[in-house]
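Chains A and B, in that order, give the protein sequences.
To convert, note that position 123 of the first sequence is 123 in the UniProt record's numbering; the numbers rise steadily by one, no gaps.
To convert, note that position 153 of the second sequence is 153 in the UniProt record's numbering; the numbers rise steadily by one, no gaps.
Hints listed in this document are in silico derivations from the structure and should not be mistaken for laboratory results.
This one's a predicted model, so the numbers in the text were calculated from it and none came from an experiment.
From the three backbone atoms N, C-alpha and C, an ideal C-beta is built for every residue, glycine too.
Do not rely on the hints blindly, as some may be mistaken.
Label-pair ranges, simulated between beta-carbon atoms [said to hold, decoys possible]:
id	chain 1	residue 1	chain 2	residue 2	range
1	B	V11	A	E159	50 to 60 Å
2	B	S16	A	M153	57 to 67 Å
3	A	I60	B	D265	23 to 33 Å
Listed next, the stretches of chain A that the computed footprint assigns to chain B, with coverage defined by at least 3 CB atoms under 8 Å from CB atoms of chain B [stated by the list, open to error]:
id	segment
4	89–96
5	116–126
6	151–161
Below, each chain spelled out in residue letters.
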Amino acid sequence: MGLFAELRSSISRVSASLFADDSEPKRIGIYGPPNAGKTTLANRIARDWTGDAVGPESHIPHETRRARRKENVEIKRNGKTVNIDIVDTPGVTTKVDYSEFLEHDMEKDEAVRRSREATEGVAEAMHWLREDVDGVIYVLDSTEDPFTQVNTMLIGIIESRDLPVLILANKTDLGESNIQRVSNAFPQHETIPLSALEGENMDEVYEKIAEYFG
Amino acid sequence: MPHQCTNCGHVFADGSKEMLSGCPDCGGNKFQYHPGDIPDEEPPADAEPPEQEGGSVTSAVGRAANRVRDAVTSDPSQPAARTSPDEPSTNDVDPDAVTAESSGIELGDSDPAAGETAGDAGDEQVSSAESASGAEPATGSEASPGASTPPGADTTRRSDTAPGADPDPSTNSSLGADPGADAQTGVDADMAEEEDTAQADARSEVVDRNSLPDAPSEGRVVKEPDEPENRPDLEDLRSELNDQFESIRIVAPGQYELNLMELYDRQEYIIALQEDGQYVIEVPDAWETDDE
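Just chain A, same shape as in the assembly (with noise of 0.2 Å):
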């Protein structure tokens, strides 16, 4: 079975870059579970390749509560040039509690709020994936268990539309992360480890974005 899926996504990818119109843009979605590194990420991939930063970070999760978009980024890999459009999306899970922003010396107003918006921007990330996206980069925090509904679903839900998909294993620099159970967790795909923070292993991220996404 994951071979099957292995090959059909192999295939969706080479039909897709036959059938690709240059002068349009994939629309890579940033996808994972809040507080991953998603926005960490992308903000490293805008400023590498087109020095402006798409959004801010934050240890508190769900600091992305709209999805935002930084269009044509440009990103030149082995003498092959990917033109695509990045888009950080908030956080996806299936639960939102403002008492967990309470922690992080907040207001119980202020907490109550990012928490409605935190939900509307798991709707608006769902909504995306439906309809807007090309590709996924799926990032996930390599020191937190890979096995959640949430993942799990959103895994599923990719594969079912035959979307190309990159599995990224973040935070290498923290000591608990462990690589070799997200790639158990997800066979069919490839997993490559990466600190979005330190920058770590950022040529083979692009590398396999020119891959996948090409």
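Following the hints, position chain B against chain A.
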């Protein structure tokens, strides 16, 4: 004058053959049969509802289901049950029927009789979680031939009184809807099982009795009406609906549970949550207009 075009209200004499080639006025090809005369004046609200009412409710639900199905399949060319502007029961203005109709269609088509367009619903603020989830069961009914009553429709109608509507008529309408639907089923069954001489005569020119299908081909699948005393209370229904259809459940202000699959499957898009449990959705473009 027992036959009546359900589209324009044109009445045909018993045994009339003109209707075999469609209504001469509007070209419609759906007719209802009245064993007696069509009542000219409004029946009292509490009396047994006339057949038209059931017809209008079920056809309203059917049109809504069709429209949702259209929107889902995104096939604008498919001529699903379109409504002509002067459609149903405008010539027989029964307050119950009208209320039932307007409250029954919560899927963006707020008033087909006025020719109002579903496309206007783009920025429409949907007044509650239930009305958004009311769209969902209809979406699920894609396989049914005409109009299976969406499981949530009745509940939605009952629990969501349109803002500003007098609660009394709306209660009447929901209560009236089910017996009305029942009456419609009864009419269909009559047509299928026993035909009078005029029908037999008209039919025999076209098709042999033995080659008739057992069930009416245009039959409507109508939900079995609940006994009023057996109806579960509103709280139970609400939580059941929440379990089935809710994409975002508001546990408390600032506490939410999200059904990701539901959010993903949904064509409309939630753009803003309100403090009081309401939310604003963006209805997709595919909710086409009915402006012809």
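Problem set entry | Hint numbers contradicted by this structure | As far as the earlier hints go, not one is violated by this structure.
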